[in-house]
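A.B. asks: The numbers in my numbering rise by one with no breaks, and the one at position 79 of the sequence shown is 79.
Keep in mind that the hints were calculated from the coordinates and are not lab data. This one's a predicted model, so the numbers in the text were calculated from it and none came from an experiment. Even for Gly, the Cβ is constructed at its ideal location relative to N, Cα and C. Incorrect hints may appear among the rest.
Said to hold, decoys possible - Computed Cβ-Cβ distance ranges for the label pairs, DEER-style:
(1) Ala20 x Asp67: 49 to 59 Å
(2) Asp56 x Ile100: 43 to 53 Å
(3) Glu39 x Asp145: 21 to 31 Å
(4) Glu64 x Val88: 23 to 33 Å
(5) Asp145 x Asp29: 18 to 28 Å
(6) Ile137 x Ile13: 11 to 21 Å
(7) Glu125 x Ala31: 50 to 60 Å
(8) Asp87 x Lys8: 48 to 58 Å
(9) His15 x Cys71: 47 to 57 Å
(10) His15 x Gln73: 16 to 26 Å
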Amino acid sequence: MSDSLSNKELINIGHQFAKAMSSSTPIIDIAKMLTRLAERLDVTTLALRETAKQRDALAAGNAELLDELECKQTFQQAFFRQSLMYDVVAEAYEEAKEQIAKDVEIKARLCLESNSLFDRLRAAEKQVADLKDAFRIALSAAGIDVATGSAKGE
1 MSDSLSNKEL INIGHQFAKA MSSSTPIIDI AKMLTRLAER LDVTTLALRE TAKQRDALAA
61 GNAELLDELE CKQTFQQAFF RQSLMYDVVA EAYEEAKEQI AKDVEIKARL CLESNSLFDR
121 LRAAEKQVAD LKDAFRIALS AAGIDVATGS AKGE
């Protein structure tokens, strides 16, 4: 199997493998498939956690920007209404507000994408759990006693 397979391709191969698996399937082939799937899940989990950290940092920065925007808006409305420069400042403020709104929209999309990745991770974790269950069932059907758990946390 090539390391350049996408997660989706690897999962599809895992499903095909599970369907084709029989009591005559060498245990080493089963173990190799489970190892590949578990390794890919570990990598995907790490990437998703990093994405979540970035999302959380962006969300915190977003909240600060919004608070700052509200404070600036209140101050500017009180101060610049009586200023001859009000029009110039108001225009610059609107441009900044539009840019912040665009930034907020981008950050919101990142949050949604991160949530989508989490959903995909949960689905992948379930698929791995299903494959592990199928593996245990296949081993049991073959009369092989398998101890549950492992040093890697199963």
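A.B. asks: Now look at each hint and say whether the structure bears it out.
C.D. replies: Structure-based check of each hint:
no. : hint                       : result
1   : Ala20 x Asp67: 49 to 59 Å  : holds (57 Å)
2   : Asp56 x Ile100: 43 to 53 Å : violated (19 Å)
3   : Glu39 x Asp145: 21 to 31 Å : holds (26 Å)
4   : Glu64 x Val88: 23 to 33 Å  : holds (26 Å)
5   : Asp145 x Asp29: 18 to 28 Å : holds (19 Å)
6   : Ile137 x Ile13: 11 to 21 Å : holds (19 Å)
7   : Glu125 x Ala31: 50 to 60 Å : violated (19 Å)
8   : Asp87 x Lys8: 48 to 58 Å   : holds (55 Å)
9   : His15 x Cys71: 47 to 57 Å  : holds (54 Å)
10  : His15 x Gln73: 16 to 26 Å  : violated (54 Å)
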